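So the sequences go chain by chain: W and S. Be aware that the first sequence starts at 1, since it is given in our numbering, and climbs by one per residue. Be aware that the second sequence starts at 1, since it is given in our numbering, and climbs by one per residue.
FYI, nobody ran anything at the bench for these hints, they're computed from the structure. A quick note: this is a predicted structure, and the numbers were derived from the prediction, not measured. Any given hint could be a false lead.
Unchecked claim - Pairwise CB distance ranges, derived in the manner of DEER restraints:
| # | chain 1 | residue 1 | chain 2 | residue 2 | range |
| --- | --- | --- | --- | --- | --- |
| 1 | W | Y82 | S | P7 | 32 to 38 angstroms |
| 2 | W | E101 | S | L110 | 36 to 42 angstroms |
| 3 | W | T76 | S | T19 | 40 to 46 angstroms |
Said to hold, decoys possible - Now the stretches of chain W that chain S is said to cover, found in silico as 3 or more residues with beta-carbon under 8 angstroms:
| # | segment |
| --- | --- |
| 4 | 10 to 24 |
| 5 | 56 to 67 |
| 6 | 106 to 112 |
| 7 | 116 to 124 |
Unchecked claim - Quick look at which bits of chain S chain W covers, simulated, 3 or more residues with Cβ under 8 angstroms:
| # | segment |
| --- | --- |
| 8 | 28 to 36 |
| 9 | 87 to 96 |
Glycine is no exception: its CB is placed at the ideal position from the N, C-alpha and C atoms.
So you can see what is in the structure, the chains are spelled out below.
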Amino acid sequence: EVQLVQSGAEVRKPGESLMISCKGSGYRFTSYWIGWVRQMPGKGLEWMGITNPGDSETRYSPSFEGQVTISADKSTSTAYLYWSSLRASDSAIYYCARHSETTPLYGATYRWFDPWGQGTLVTVSS
Amino acid sequence: QSVLTQPPSASGTPGQRVTISCSGVSPNIGSNTITWYRQVPGTAPKLLMFGTNQRPSGVPDRFSGSRSGTSASLSISGLQSEDEADYYCAGWDYNLSGPVFGGGTKLTVL
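Only chain W is shown next, with the shape it has when bound in the complex:
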């Protein structure tokens, strides 16, 4: 079974650093990009960025560039999301998800995220 298992809930103070993880299993980890998505309390989904565990290429949404660092360790099949200095506004649930794509005979490439990790709740409060 293909699955992504994320690390547990975290509570931190503003200014502290934090790294959360997402471990893939049931598939070849280096063959699929892993994306991160933020969901603030009561709000919708926001794409943060995506990383290729095979060659470490990483792309960020302009909204999150410079705010977080996304990485992956192919030796442990784990992707990471890191903050060097948290803010209260970083309080949210963070999901990792496996990116897949396939190109049909006609038209643009299909792209989707599946499966998703169970989510990691990050609470930043003084």
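Use these hints to put chain S onto chain W, whose structure you have.
Relative to chain W, chain S alone:
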């Protein structure tokens, strides 16, 4: 602020057909890249539809997707109580090299 616009809520009675719209699909969003996710509150999103109208294995054919111009839509026929959830559309933005999500639609089965 979401690039794709969805109605915040939709509702229907069991057995009805409900359609959720997703507008603002601009030219830089790939024509085949509209994806729909379903999220039951308190759980992670799950893939419901990709490539505008392709159903992953396990998704019943009560769910269908379409796109016309700058809008896409998800239709659910034979509405069931377990369909109650939040539904998000997404599209791959080539300028962004990543997905953009709609704001989500909360579907209530009356």
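Here's how the hints hold up against the structure:
For the pair Y82 (chain W) and P7 (chain S), the supplied restraint of 32 to 38 angstroms holds, since their beta-carbon distance comes to about 36 angstroms. Take E101 (chain W) and L110 (chain S): their Cβ atoms lie about 38 angstroms apart, and the range 36 to 42 angstroms holds. Between T76 (chain W) and T19 (chain S) the beta carbons are some 44 angstroms apart, a value that agrees with the proposed interval 40 to 46 angstroms. Interface restraint, the segment 10 to 24 of chain W with chain S: violated (0 residues with C-beta to C-beta distance below 8 angstroms; minimum three).
Counting residues of the segment 56 to 67 of chain W whose beta carbon lies closer than 8 angstroms to any beta carbon of chain S gives 3, which reaches the threshold of three, so the coverage claim holds. Coverage of a stretch by a chain is defined here by at least three residues with a beta carbon nearer than 8 angstroms to that chain's beta carbons; for the segment 106 to 112 of chain W and chain S the count is 6, and the condition holds. Counting residues of the segment 116 to 124 of chain W whose C-beta sits closer than 8 angstroms to any C-beta of chain S gives 4, which meets the bar of three, so the coverage hint holds. Coverage of the segment 28 to 36 of chain S by chain W holds. Counting CB-CB distances below 8 angstroms, 5 residues qualify, and the rule asks for three or more.
Three residues within the 8 angstroms Cβ limit are the bar, and the segment 87 to 96 of chain S against chain W gives 4, so the coverage statement holds.
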